[in-house]
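Just so you know, the sequences run in chain order A and B.
Using this note's numbering, the first residue of the first sequence is number 1, and each one after it goes up by one.
Using this note's numbering, the first residue of the second sequence is number 1, and each one after it goes up by one.
Calculated from the structure, these hints are not laboratory results.
Note that beta-carbon positions come from the ideal geometry of N, C-alpha and C, so glycine has one too.
Mixed in with the good hints, there may be bad ones.
Stated by the list, open to error - Quick list of the computed label-pair ranges, beta carbon to beta carbon:
id, chain 1, residue 1, chain 2, residue 2, range
1, A, Asp-302, B, Val-39, 30 to 38 Å
2, A, Asp-302, B, Ser-102, 53 to 61 Å
3, B, Leu-298, A, Asp-302, 26 to 34 Å
4, A, Leu-424, B, Leu-230, 56 to 64 Å
5, A, Glu-365, B, Phe-98, 43 to 51 Å
6, A, Thr-336, B, Val-39, 27 to 35 Å
7, A, Ser-208, B, Ala-347, 51 to 59 Å
8, A, Asn-157, B, Pro-152, 25 to 33 Å
9, B, Thr-32, A, Ala-261, 51 to 59 Å
10, A, Pro-243, B, Thr-169, 53 to 61 Å
11, B, Val-323, A, Gln-402, 48 to 56 Å
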Amino acid sequence: MKLKLLTAAAAALMAAAPALAELKIVDTSYRTGPYAANGIPFSDGYQDYFTLLNERDGGIGGEKINLVECETGYNTEKGVECYESTKGGGSLVYQPLSTGITYQLIPKASADGIPLHTMGYGRTSAKNGEVFEWVFNYPANYWDGASHAITHILNENDGDISGKSIALVYHNSAYGKEPIRTLEKLGEKHGYDLTLLPVDHPGQEQKSQWLQIRRERPDYVIMWGWGVMNQVAIQEAVNIRYPMENFIGIWWSGSENDVKAAGADADGYKALTFHNLGDDYPVYDDIQEYVVETGKAAGAGDQIGSVLYNRGMYAAMLAAEAIKTAQEMHDTSNITPEQMRDGMENLVMTEEKMAALGLPNFGPEFEVTCANHGGDGMGAVSQWNAEAGEFELITDYYQSDQEIIQELIKEDSMAYAEENDIELRCE
Amino acid sequence: MFYREAGDFKTSYTEDSQTFPIKFDRYGYYVTLAVAFLVIPFIINDYWVNAVFMPFLIYSIAAIGLNILVGYCGQVSLGTGGFMAVGAYACYKLMTGFPDVSIAIHILLAGGITAAVGVLFGLPSLRIKGFYLAVATLAAQFFLVWLFNRVPWFYNYSASGQISAPERTLFGITVTGAETTAWAAYMFCLVFLVASAWIARNLTRGMAGRKWMAIRDMDIAAEIIGVNPLRAKLSAFAVSSFFIGIAGALFFAVYLGAVEVGEVFGINKSFLVLFMVIIGGLGSIFGSFAGAAFLVLLPVFLKNVLVGGLGWPTDLAAHLELVIVGGLIITFLVAEPHGLAQLWRVAKEKLRLWPFPH
């Protein structure tokens with residue numbers, strides 16, 4: 001009997017009863033494992049922004065936000081489990097913060113009718129809304145990032161980089177492999193040589209890759225790294241005295257946690273970004289007042305204002321704006337995932353909107369449409385200032401090479417549509 | 001009281017040597033099968049199938065496969081992850097290459113291909129034993145993962161290097177892809193598991209199994225009494241890899257749907273399946289089930305208790321989960337070094353005498 005009771009209790013617990021929610025948002029975070037150094041600040045920012053809306057405005061449009069956190073450990077199996085256990089009860093949007101989990105969830109979420117927002121990661125060709133109805137990756141994607149890096153190198157060399165050598169150090173996974181095709185295409189156009197240097201999960205062993213860089217001395221090194229791989233790569237670059245200003249990381253390889261380990265020698269390291277940095281914004285006063293001082297800050301509360309915290313907050317802000325758009329469109333405050341999708345597809349981010357939110361000039365202006373789920377591909381370059389201990393923007397926002405990227409997106413998304421028998425939308 | 005042989009007479013050799021000689025066990029087995037086939041499919045939902053049942057069923061197949069090699073034949077292998085990857089990639093190539101052939105046949109063929117690869121990597125076992133063999137199979141693990149990452153033909157030249165399962169049906173019912181219903185995925189895996197367990201059980205108590213066990217217990221003695229070590233060892237590698245390949249193919253096609261070899265079939269997977277076999281009990285089919293259940297269900301259960309039930313922070317829960325699972329493994333192995341299967345055996349012995357022990 002006791003055993004039966006235990007089994008019954010276990011079964012009840014395993015079923016994980018969905019809480020009654022007004023607006024249910026799931027944060028699939030990772031605060032453990034080799035990617036935690038990057039997962040924690042993003043998740044803190046994501047949660048704190050929703051906490052701020054709950055505390056200051058009483059939610060969005062009068063509806064409280066119910067935030068559910070689920071630990072994935074950057075592991076696809078756990079990610080799937082998180083998704084399945086939390087998708088009930090009207091979860092509005094998923095932001096897995098992992099390209100591997102995104103690939104798992106694209107077909108699942110599309111079948112379940114729940115939107116995915118993969119901001120600056122995930123499947124790049126999801127930008128084509130004609131094929132990917134439920135997936136959004138505004139405001140920028142990996143292929144934009146690859147083009148941003150090359151454009152930056154072009155600008156430094158007065159527009160001529162033929163014969164230059166560029167090495168790509170990448171995480172040997174779907175994430176790291178994303179930019180290769182774009183970089184090869186751009187290589188044909190601009191005439192540089194590309195060397196590919198894969199680094200296996202989790203990325204602590206990079207000696208041989210950096211030995212090769214030391215031997216071949218490529219003119220530039222571009223990095224697609226995440227988690228502990230970033231810190232190791234930057235330390236190795238310092239060890240072989242590679243000129244840091246020629247070392248450019250994607251936006252996922254450019255947070256304080258990545259460079260601080262290498263100390264003062266990391267000064268001059270560059271990373272891309274698609275939003276502004278620092279904590280000099282009015283919204284931070286509100287976060288201080290409503291979230292930090294009331295003791296409701298997520299995690300340890302020590303990441304506020306860091307690059308990835310800002311990015312998490314930016315993701316939450318875009319989600320909140322999409323909810324507002326959906327609420328206006330459907331004239332109801334308690335929206336469903338389908339209505340959330342409409343809100344995301346009709347999202348317009350303007351300077352006035354961002355200023356009103358306390359984030360003036362925080363990111364580029366963009367507009368999501370039925371056919372374009374990926375924004376305009378604006379990005380900028382930031383540089384690490386070791387003395388001040390912060391990343392500083394060194395360029396304005398500029399657009400990626402749309403001519404090449406649009407073509408690649410079309411090709412890849414059409415192949416997906418054909419494989420999966422998807423009819424094109426937006427006619 | 002209930003659990004005893006008294007009055008349960010056997011009148012033929014077949015009856016005497018059946019898998020479940022005690023009536024109570026036998027009925028328990030039939031009831032379990034009936035519940036698994038006739039009740040669960042009707043009440044199962046997406047969460048239960050994806051978080052609990054499918055991992056359990058698939059890992060059970062993998063654990064049965066590894067148990068044949070490690071538990072019955074005594075050949076330590078750390079290449080399980082690599083062999084599962086062979087199954088998954090073989091299944092993917094077959095699915096995309098021959099879309100008109102039934103998925104069930106593809107999965108069996110994937111098992112066959114894995115068996116061939118397993119035999120190839122089993123060849124060193126003829127010369128080396130124990131830890132040295134473990135290192136040789138470790139090489140298989142790293143080589144296979146490297147191969148599937150390195151050669152684009154295996155992933156059909158896709159930009160991301162991932163393989164993703166297209167939608168396939170069996171008797172008109174979708175079993176792979178996003179549109180799969182919970183019960184269909186569950187039944188598909190269950191049929192494979194029951195068939196695997198049945199075949200494994202009958203192989204291991206027949207001549208093949210006795211040869212494997214002779215090799216395990218003392219290979220020189222086995223050779224002297226007429227067991228051919230070449231055939232015994234390589235057949236163990238083949239059969240074991242066949243089941244592991246099926247598990248890998250199901251893991252990719254039915255459970256995850258999209259796979260990246262380095263993450264999903266890395267060395268961690270090899271260790272996980274090996275731990276299942278050790279905790280469950282070496283040389284026991286029931287042990288494979290118990291080990292898989294222990295390592296699949298316990299983390300999910302703990303997570304739901306700590307985060308869902310007690311409302312603790314997710315990172316604290318994730319770390320505690322490791323501590324608790326690790327602690328329980330040590331406790332179990334100290335209490336019973338031969339695993340959960342032996343615990344179960346001892347419990348049965350006691351039950352037979354209960355309530356009047358000597």
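Do the hints match the structure? See the list:
1. Our hint of 30 to 38 Å for Asp-302 (chain A) and Val-39 (chain B) is violated, since their Cβ atoms are close to 51 Å apart.
2. A C-beta distance of roughly 56 Å is found between Asp-302 (chain A) and Ser-102 (chain B), which places it inside the suggested range of 53 to 61 Å.
3. Evaluation of the 26 to 34 Å hint for Leu-298 (chain B) and Asp-302 (chain A) yields a pass: the beta carbon distance comes to about 33 Å.
4. A hinted range of 56 to 64 Å holds for the C-beta pair Leu-424 (chain A) and Leu-230 (chain B), which are about 59 Å apart.
5. Look at Glu-365 (chain A) against Phe-98 (chain B): about 50 Å separates their beta carbons, and that is inside 43 to 51 Å.
6. For Thr-336 (chain A) and Val-39 (chain B), the hinted distance range of 27 to 35 Å is satisfied, since their beta carbons lie about 33 Å from each other.
7. Evaluation of the 51 to 59 Å hint for Ser-208 (chain A) and Ala-347 (chain B) yields a pass: the beta carbon distance comes to about 53 Å.
8. Between Asn-157 (chain A) and Pro-152 (chain B) the CB atoms are about 32 Å apart, so this pair conforms to the stated range of 25 to 33 Å.
9. Under the hint 51 to 59 Å, the C-beta atoms of Thr-32 (chain B) and Ala-261 (chain A), about 53 Å apart, fit the expected range.
10. Against the hinted window of 53 to 61 Å, the Cβ-Cβ separation of Pro-243 (chain A) and Thr-169 (chain B) comes to about 57 Å, which satisfies the hint.
11. Checked against the hint of 48 to 56 Å, the C-beta distance between Val-323 (chain B) and Gln-402 (chain A) comes to roughly 51 Å, which is consistent with it.
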